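Trainee: Using the sequences provided together with the hints, build the complete structure.
For the protein sequence lines, the chains are A and B, in the order given. Numbering that gives the first Met the number 0 puts the first sequence at residues 0 to 268. Numbering that gives the first Met the number 0 puts the second sequence at residues 0 to 268.
Hints were generated in silico from the structure; no laboratory data involved. Keep in mind that the hints are not guaranteed to be accurate.
[To be verified] Cβ pair distances, simulated, as ranges: (1) G68(B) - K265(A): 33 to 39 angstroms; (2) D127(B) - E27(A): 37 to 43 angstroms; (3) Q176(A) - G257(B): 32 to 38 angstroms.
[Stated by the list, open to error] To be clear about the criterion: a stretch of chain A counts as covered by chain B if any three or more of its residues have a C-beta under 8 angstroms from a C-beta of chain B, and this derived list gives those stretches: (4) 45–55; (5) 164–177; (6) 240–246.
Here the structure is a predicted model, which means the values were calculated and not measured. Ideal Cβ placement from N, Cα and C applies to all residues, glycine included.
This is what each chain is made of:
Number of protein chains: 2
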Amino acid sequence: MNIRYDNRPIGIFDSGLGGLTIARAVQEELPGESVIYLGDTARVPYGDKSVDAIMSYAHDDVQFMLSKGVKLIVAACNTVSAVALESLHRDFPDAAIIGVIESGVKAALSTGARSIAVIGTRATINSDAYRRELHRQDHSLKVDSIACPLLVPLAEEGLTAGAVLNGVFDFYLKQYQAAPPDALLLGCTHYPLFRNALNEYFGGKVHLIDSAKACALAVREYLTENQKTAQPDNTPYHRYFVSDLAAEFNEHATRFLGKLPARVEKTVL
Amino acid sequence: MNIRYDNRPIGIFDSGLGGLTIARAVQEELPGESVIYLGDTARVPYGDKSVDAIMSYAHDDVQFMLSKGVKLIVAACNTVSAVALESLHRDFPDAAIIGVIESGVKAALSTGARSIAVIGTRATINSDAYRRELHRQDHSLKVDSIACPLLVPLAEEGLTAGAVLNGVFDFYLKQYQAAPPDALLLGCTHYPLFRNALNEYFGGKVHLIDSAKACALAVREYLTENQKTAQPDNTPYHRYFVSDLAAEFNEHATRFLGKLPARVEKTVL
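Mentor: What follows is the structure in C-alpha cells.
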C-alpha cells in the first residue's frame, strides 16, 4: 500500500477573529496539521457589506492563502461561504476551497432533525444559502432563517451570558423558545461562544450545531479522501496573520482561539 | 462693505452612514449650502480598528473630498476626529478640516455643566480626546468617559427604545443613572437616535449634547468668519457617495438623514 502525505499547511481565513474558533477546532481534531490563519481585520465585518464587496475581499483572502502555499483553504467566514464560494471556485479552479455551510448542514441533518432554525448575520441569512443547502438535501425539512446581527457585537463585548444577552435572545428568538426547532444551526463563527446560553434559553431541548466542529470534521474528511494528511511525525507550526492589528487583539484572539497566539503578523491584502 | 462669498460645497465624511446626522444638521442650519457626503461603507466601522488603519482611511477620505473641490471638510466621524485630526492637519496643511470634538466640547461647556460624561466607541474613548479637550478648556471639570460599543449596532438594528436598549444602558450607564452628571456628551454620530431614550433613562435630569447640532453651528461659524458662506441666492445641491452600497442603504440612510437621498453614487477610495 502506498499512502501519500502532504505536510503543507491548511489555510483558514475569516473577516476577523471569529474564524479562530474553526482554527481551534481544526487544531484539536487534527493536531498534526499546520495552520495558517488570516483575519481581514482591516475590513471586518463582512456581514453587512454588499455581495460585490464580500466577493472582492474573499478573492484577496484566497490570493493571500495561495501565496502561502496551503494545501486546502477553509472559508471560515459564514458570510463568504454563503455569498462568495461559487465565485471563488470559478475564479480559482485549481484551489481546494471549502466553506462552512455544507459541513454545518451535514452535521444538522445527522441529528435526524426535521425542523431546523438557522441563525447568522444579515448577509448570511439574506443569501438564503443555508436554507437552499438544507432543502437540496431534503426538501421536506421545516427551515426557519433568522438574522441576528446583534450577536456578533455582543460576543465581541464578552456578553455571552446575562440579562442583556437574554433580552437580545428574546428579541430574535422568543417565538422559538415556546416551540423550539429540533436543531439550531449556528451560522456564524462567533456563535459557539453562546452555546451554553442558548442551551439554557431552550431548556436543553434543541440540538445546537456548531459550525466549527463540523467544519473540522469536513477538513479531516477532505484530507483523508485526497491523501493529503500530514505525515504522522510531522511537527506542525501555526501562523496567524491579520490585516489590521487593533488594541483588543489579544483579548479577542484568546476568546476565540482559547489561548493567545504565540505570534501575530500584520499583512497587507 | 465688501462681502465675499464661496459657493463651493461643504464636504462631510464618516466611516459609514451615521455622519448623515451631521449632514442633516448642516442642511437644516445652512439651507443655502451645498453638501458632498462620503460614507466609507466598504470599511465601516472605524471604531474598533487600529490608529494606523483609521489614519490611513481618513487620509483617503480627505483626498476624495479635495478631488471634489470642497471649501471645508468636516470629519463627521468621532473616531477620526479623536485619533486622526492632527495627522490630517499636518498632511493637508492647506485644507480646512474640522472635527466634531471641539464643537461638542464647546456645546457641553456652554450649558455650565461641572460634571460631564462622554460616551462613544471604544476607539474614541481610548483616544481620550474628549477628556483632554474638556480639561484643556477647564481643568477642574469632573469628566467620565464610557466606551459603549453596543450602541452603534443597536442603532443600526433600529433598537432605539425598549427592553434590549434599557438592558444595554444598564450595562454601561447604571452607576450614572443613580448619580447623573450635569451633561452627557454623545460622542458618536449614531447616538442622537437615542436622545429620547437617554432622556427618559436619566429622568430628564441631564443635558444631552448632540454633536450633530454643535458641529453644524461650528460649520456656520467657520464659514462666516472666513467669508466663505454661499451667496444668498445660491441654489444648493447635495451629493451622496459611498464606497460600498449594501442592501440596507435606503433603510439606514433614511434613519440618519431623515429622508431618502435623491441619488447615491458609489466610489472607490
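Trainee: Output the numbers, in ascending order, of every earlier hint that fails for this structure.
Mentor: none
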